[in-house]
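Peer 1: Produce the complete structure using the sequences and hints provided.
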Amino acid sequence: MNTEHNEKTPQLPNGLRITIAIGTLVSVLVAFNQCTIEKKSSNKRSTASTVSAPSTATGDSSDIENDSELPDGLVMPPMNSPGADSELDTIDVGVKNFEQIYLSMAAVTGVSPTTTSVQNLYREIIVQLPADNNVKSFLPANQVAITKLAAEFCEVLVETAALRSVVWPTINFGQTPTQVFNAANKTLIVNQAIDRFMPPMDSQSRTSAVTELTKLFDELLTGENLGSSVTTRKVVKGMCISTLASAQSTLL
Amino acid sequence: MQNIFKKEFVMISLVALFSSEAYSGPREQAYRLHNRLASVPPTAETLGQMETLIKNGNAKDAALRAMDSQNFYNITLKNWVKRWTNVDDSPRVPLNDYVATVIGIIKDDIPFDQVLYGDHLYIAAANTPVTIPAYDKKNNNQYVELENRFVSLKDYLTRVNQSEVTGIKDTAGVLTTRAAGAAFFSAGTNRRMTRFTFMNFLCRDFEAVHDINISDFHVRRDVERNPGGDSRTYRNQCVGCHAGQDGLGGAWAYFDFVDNEMKYTEGVVVPKINKNNLYADGYVTTNDEWINLWAEGQNASLGWPGKTTGKGARELGMMISRSRAFAECMSTRVFELVCVRKPKIDSEKKEIKRLADLFQANDRFSMKNLFAETSILCMGE
Chain A
1 MNTEHNEKTP QLPNGLRITI AIGTLVSVLV AFNQCTIEKK SSNKRSTAST
51 VSAPSTATGD SSDIENDSEL PDGLVMPPMN SPGADSELDT IDVGVKNFEQ
101 IYLSMAAVTG VSPTTTSVQN LYREIIVQLP ADNNVKSFLP ANQVAITKLA
151 AEFCEVLVET AALRSVVWPT INFGQTPTQV FNAANKTLIV NQAIDRFMPP
201 MDSQSRTSAV TELTKLFDEL LTGENLGSSV TTRKVVKGMC ISTLASAQST
251 LL
Chain B
1 MQNIFKKEFV MISLVALFSS EAYSGPREQA YRLHNRLASV PPTAETLGQM
51 ETLIKNGNAK DAALRAMDSQ NFYNITLKNW VKRWTNVDDS PRVPLNDYVA
101 TVIGIIKDDI PFDQVLYGDH LYIAAANTPV TIPAYDKKNN NQYVELENRF
151 VSLKDYLTRV NQSEVTGIKD TAGVLTTRAA GAAFFSAGTN RRMTRFTFMN
201 FLCRDFEAVH DINISDFHVR RDVERNPGGD SRTYRNQCVG CHAGQDGLGG
251 AWAYFDFVDN EMKYTEGVVV PKINKNNLYA DGYVTTNDEW INLWAEGQNA
301 SLGWPGKTTG KGARELGMMI SRSRAFAECM STRVFELVCV RKPKIDSEKK
351 EIKRLADLFQ ANDRFSMKNL FAETSILCMG E
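If you read the sequences in order, they're chains A and B. All residue numbers for the first sequence refer to my numbering, where the first residue is 1 and numbers rise by one. All residue numbers for the second sequence refer to my numbering, where the first residue is 1 and numbers rise by one.
Simulated from the structure, these hints should not be mistaken for lab results. Where hints are given, some of them may not hold.
Calculated cross-link-like contacts (lysine-lysine; reagent style DSS-like; alpha-carbon spacing at most 30 Å) [unchecked claim]:
1) K186(A) to K215(A)
2) K136(A) to K368(B)
3) K275(B) to K136(A)
If you want a taste of the chain A side facing chain B, the calculated C-beta under 7 Å gives, among others [what the hints assert, rightly or not]:
4) L103
5) S104
6) V108
7) G110
8) P113
9) S117
10) N133
11) A151
12) E152
13) A184
14) P199
15) L252
From the three backbone atoms N, C-alpha and C, an ideal C-beta is built for every residue, glycine too.
Peer 2: Here's what the structure looks like:
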């Protein structure tokens, strides 16, 4: 049946068929170029122009320059041409180290770094916090430790009237969520947390952050006792932790 | 509730992370500059002042404003220098006299080349607001307490003559501090001090200066001439590092770290230097004279000053800190600290050379100026 069908199909001219085939091939190559074109900025030697291989060569002038210097039978694979400014495409940020994180949190919350509870926790988890500023060595375990530390700072901040009144001066933390968390106050709490704990942002980023934090606000209230001022403080601690431990706050 | 936290936290983090590259006006630049120099976010007032300075084209003044913060000394410099004071390259060590002396030299804007030969030591000032143990050359208690009590190193470190406090006649800046002795003079044959001085202040480990073409007449007796029964190994590998470093090693002939303190025995070579005898015709150290055999050949490119022989630690420290490699190394280290990456493209490598020129100009070696000039290179577009 297929044969009959094929026989009835009008044959395309060969030239057109070749053109369509080449066109299809080119479009596939372009669409999936990340699989076939290697970034030119690589400075390492490779075994083939399109496949990276481990190499100890540094690519500088001290490396072997030509095949005559190699043992018999070995041929130096081609070296990728080093890129120009494209190397700057790599990450241009760092992450704060253990002490920078600790004292940054102390600075923005106003909690003294000598406060027993935060200092005890810091000493306990210090080895879990980032050791250096290299963002490439940042691990999930580091983020867990940062969040723990932020939780302790926020605990002290929200439970200390003199400190919390600096960050949220108009919020009455003795009131219940029903009384205090109207739309205006929610926005105020979020904005004041952002102002205090996060770096300056452009309006688009700020809007995104406010939207996400407002969603978090509502989710934290779900299922909680809305008639207790303890819930008020608990939820504000949540807002505090999520901003204080955010990447924006811990990046350099 | 924990799940909600996790989910939202990741979301906020990602939003924040990706947005950080979106825009960088004067306010964002001021924030980044302060964050990188002082390690903590600025107060609203400082941020406003720095923003105004940047808007008015005074970015360097903005950087200097950030460096006014005690956190520049207490966090940034302290963590930067701590790595130089131990063989593990770790910042997780207590504050010590080595770190305090580097901080003090920068704080007082003393020409930074003196870090390797000046008779400087920084200790807690008499007016330190908390009770601190007195300086003791047998322990590190004073510095541990300064750190634990978060004492401002900018305000309460004071300079004294190291030789008067420690009794060491041939002081050489941080090289003869107690912390340096504990890390690099304890046990061994004092070669560690030469190696780590090269690593910390010339940005080169011995592999980078390995040269088998220079004379090995200074290689000591404790280096086997036929390791594994093959003298070619000695000629083609060992000598590459030992010829140069043993030539310089005489500078440390009178130093040792025993019983928790630095010992300096003027005129008497410490026994450990000549103790092991694996090759009787090897060099025997008889005094603290040294010679820089790396001044010739491939390592001449380090830009050594004219005087490449001398006596003792101070003269060696002076030769190293007056080399071109020292200036370029310090510029590179500062760049890596405040830009949080290595200089990569050609224009940045040229900047390192320009900064090194600036650093060396008129023998000023101003580390403060180097920090200010470098930090504004990467405060954002």
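Peer 1: Would the hint on A151(A) stand, with a C-beta cut-off of 7 Å toward chain B?
Peer 2: violated (9 Å)
Peer 1: Does K136(A) lie within 30 Å of K275(B) when you go C-alpha to C-alpha?
Peer 2: Between K275(B) and K136(A) the Cα gap is close to 45 Å, so the pair fails against 30 Å, i.e. violated.
Peer 1: Against chain B, is A184(A) within 7 Å by beta-carbon distance?
Peer 2: violated (22 Å)
Peer 1: Under the criterion of a CB-CB separation shorter than 7 Å, is P113(A) in contact with chain B as hinted?
Peer 2: holds (6 Å)
Peer 1: Given G110(A) as an interface hint, is the shortest Cβ-Cβ distance to chain B below 7 Å?
Peer 2: Hint on G110(A): violated, closest Cβ of chain B at ~11 Å, above 7 Å.
Peer 1: Decide if the proposed pair is consistent with the structure: K186(A) and K215(A), CA atoms, cutoff 30 Å inclusive.
Peer 2: Holds, at about 10 Å.
Peer 1: Close enough to count: is the Cβ of S117(A) nearer than 7 Å to one in chain B?
Peer 2: Violated, because the Cβ-Cβ distance from S117(A) to chain B comes to roughly 16 Å (cut-off 7 Å).
Peer 1: How about V108(A): closest beta carbon in chain B under 7 Å, or not?
Peer 2: holds (6 Å)
Peer 1: For the pair supplied as a hint, K136(A) and K368(B), confirm whether the alpha-carbon distance does not exceed 30 Å.
Peer 2: holds (29 Å)
Peer 1: Was the hint right that E152(A) lines chain B, CB cutoff 7 Å?
Peer 2: At about 15 Å, which exceeds the 7 Å cut-off, the nearest Cβ of chain B leaves the hint on E152(A) violated.
Peer 1: Minimum Cβ distance from N133(A) to chain B below 7 Å?
Peer 2: holds (5 Å)
Peer 1: Does L103(A) pass the interface hint, meaning its C-beta sits closer than 7 Å to a C-beta of chain B?
Peer 2: holds (6 Å)
Violated hints, listed in ascending order, are 3, 7, 9, 11, 12 and 13; each of the other numbered hints is respected by the structure.
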